[in-house]
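K.L.:
Spelled out from the first residue to the last, the chains are:
2 protein chains.
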Amino acid sequence: MAFDIDEYLVKPGDKVDLSGIDTRSTPFWDPDDKEEGKAHLPDLQQRMESLQELLWAEGRNRVLVVLQAMDAGGKDGTIRHVFEGVNPSGVRVAAFKRPSEKELSHDYLWRVHQEVPGDGELVVFNRSHYEDVLVVRVEELVDEERWRRRFRHIVEFERMLADEGTTIVKIYLHISKDEQKERLQARLDEPNKNWKFETGDLVPRAKWKQYQQAFEDVLSETSTEFAPWYVIPADRKWYRNLAVSEILIQTLDGLDMAYPPPEEGLDQVVID
Amino acid sequence: MAFDIDEYLVKPGDKVDLSGIDTRSTPFWDPDDKEEGKAHLPDLQQRMESLQELLWAEGRNRVLVVLQAMDAGGKDGTIRHVFEGVNPSGVRVAAFKRPSEKELSHDYLWRVHQEVPGDGELVVFNRSHYEDVLVVRVEELVDEERWRRRFRHIVEFERMLADEGTTIVKIYLHISKDEQKERLQARLDEPNKNWKFETGDLVPRAKWKQYQQAFEDVLSETSTEFAPWYVIPADRKWYRNLAVSEILIQTLDGLDMAYPPPEEGLDQVVID
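For the record, the sequence lines run as chains S and R. The first sequence runs contiguously to residue 658 in the numbering used here. The second sequence runs contiguously to residue 658 in the numbering used here.
Only chain S is shown next, with the shape it has when bound in the complex (with noise of 0.2 Å):
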């Protein structure tokens, strides 16, 4: 699968428009060929492992990858199925849910700039700082002269942690509202999804139009050189999990690691 993952990139400085991105599409994968695309994935799941081995033991690049989209749109189950078998040493999800009393005392970006990864680490952000211009803005949390300035705020974030050395990498995960429908019913319906059904994610849900122009400024207005973000049709769940893979494998093969030289003489060891 030749996979161009700029299909899928928003230039800086695009307008988006999600209504014309369809949520269904599968253009690096024949559709009819499903099982065939869900049994590529482990190939996908082991070059991730390498790579990220090889980032965790070169300890020089630090990653970030961000993950958003609406309830349920599969964060989870993306994180589950792309980062199947890497090293847990070096990989760290930052899950972030309604803030604490004492976040909340803080500026937005202050819990999430202490989750950024450190050498040699790949974090997974499960929403992040753009909860702050989403779920914020379309509850009306804040006013919108606060919210609009967090575009700027978090761009420049986003800039000082590439310059210092972060690859940083965000990811929607684009589902229509009838696959939303679809999921969060099996959620009611099977005993064992039970757990992640909250009445709360229906409040969103009734504000569809209001969230989806949110993510489409914030696609518009953040995705940069040193930081893009990258609009996986998602309704899919087995080529949604291709395509990230494609993006974070291809992102990381960018970034020419190389193993640290072994220490001088090691050939000469003897071990009795």
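Source of the hints: derived by calculation from the structure; they are not laboratory data. Errors might be hidden in some of the hints.
Where chains are identical, the list cannot tell them apart; a pair therefore holds if satisfied intra-copy or between any two copies.
[As the list claims (entries may be wrong)] List time: in silico DMTMM-like cross-link candidates among lysine to aspartate or glutamate, alpha-carbon distance up to 20 Å:
{"hint": "1", "residue 1": "K488", "residue 2": "E501"}
{"hint": "2", "residue 1": "K595", "residue 2": "D457"}
{"hint": "3", "residue 1": "K563", "residue 2": "D575"}
{"hint": "4", "residue 1": "K488", "residue 2": "E444"}
{"hint": "5", "residue 1": "K488", "residue 2": "E550"}
{"hint": "6", "residue 1": "K563", "residue 2": "E649"}
{"hint": "7", "residue 1": "K488", "residue 2": "D505"}
{"hint": "8", "residue 1": "K595", "residue 2": "E526"}
{"hint": "9", "residue 1": "K488", "residue 2": "D549"}
{"hint": "10", "residue 1": "K397", "residue 2": "E550"}
{"hint": "11", "residue 1": "K420", "residue 2": "E542"}
{"hint": "12", "residue 1": "K567", "residue 2": "D392"}
{"hint": "13", "residue 1": "K397", "residue 2": "E525"}
{"hint": "14", "residue 1": "K593", "residue 2": "E501"}
{"hint": "15", "residue 1": "K397", "residue 2": "E501"}
Computed from a prediction, not measured in an experiment: that's the story for all the values here.
Position chain R relative to chain S; hints supplied.
P.N.:
Structure of chain R alone, referenced to chain S:
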């Protein structure tokens, strides 16, 4: 004393020439009235104490004071004298020394951001992120391209803090090379000051001019409306204490704070 703090303000865009600023000047106090000057400090400490209590009780504003100076420039002494009597529950000093291995494995703002004030807090940075464009620059710990980019990071970081509700005051304690010699000598000569002497302090002293140049760039590049620098003549400790106190008092005064309104019906409460 009508103390005009704007006298010490670095106006945004100004090019600072430190050699043109007299480290012994005392424009708002007769230098012959040193004893009266010293006797005036407790009044200022009391005002500081009241304002900080209000800040803490109101719990709405956040105040960040950044202190920078050459070694023996008086950072510790300033903190001791200016903040004598404040309530430690709402005041915190964060000292940034040589970064740890874990800190070095992250961007230079990582450890600093963790220490910024929360609601109602006043935090003093004894040294700060500015070391990453001062000692790091002069000692060539990173290349010029990299430290030059940091001016922008820092300005944008402080803009974000300010936009989100932090009042920032940055103070450079300006001493002469002769005054530093005297103070370092005292650390050698007086047994109870020996603990403050580090041979390492002689290294930056030997590069005095380069450090002054680096400070001039910091002051010129990063003094903004939302995070202004003040340059305080600091050879005379008694005057320095008055000047720093005045700056902080007038800044806190400008916040227009008020105690939260009492719970309703409080006047009906009978305690038996």
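K.L.:
Could you check the structure against the hints above and give me the numbers of any it violates, in ascending order?
P.N.:
6, 10, 11, 12, 13, 14, 15
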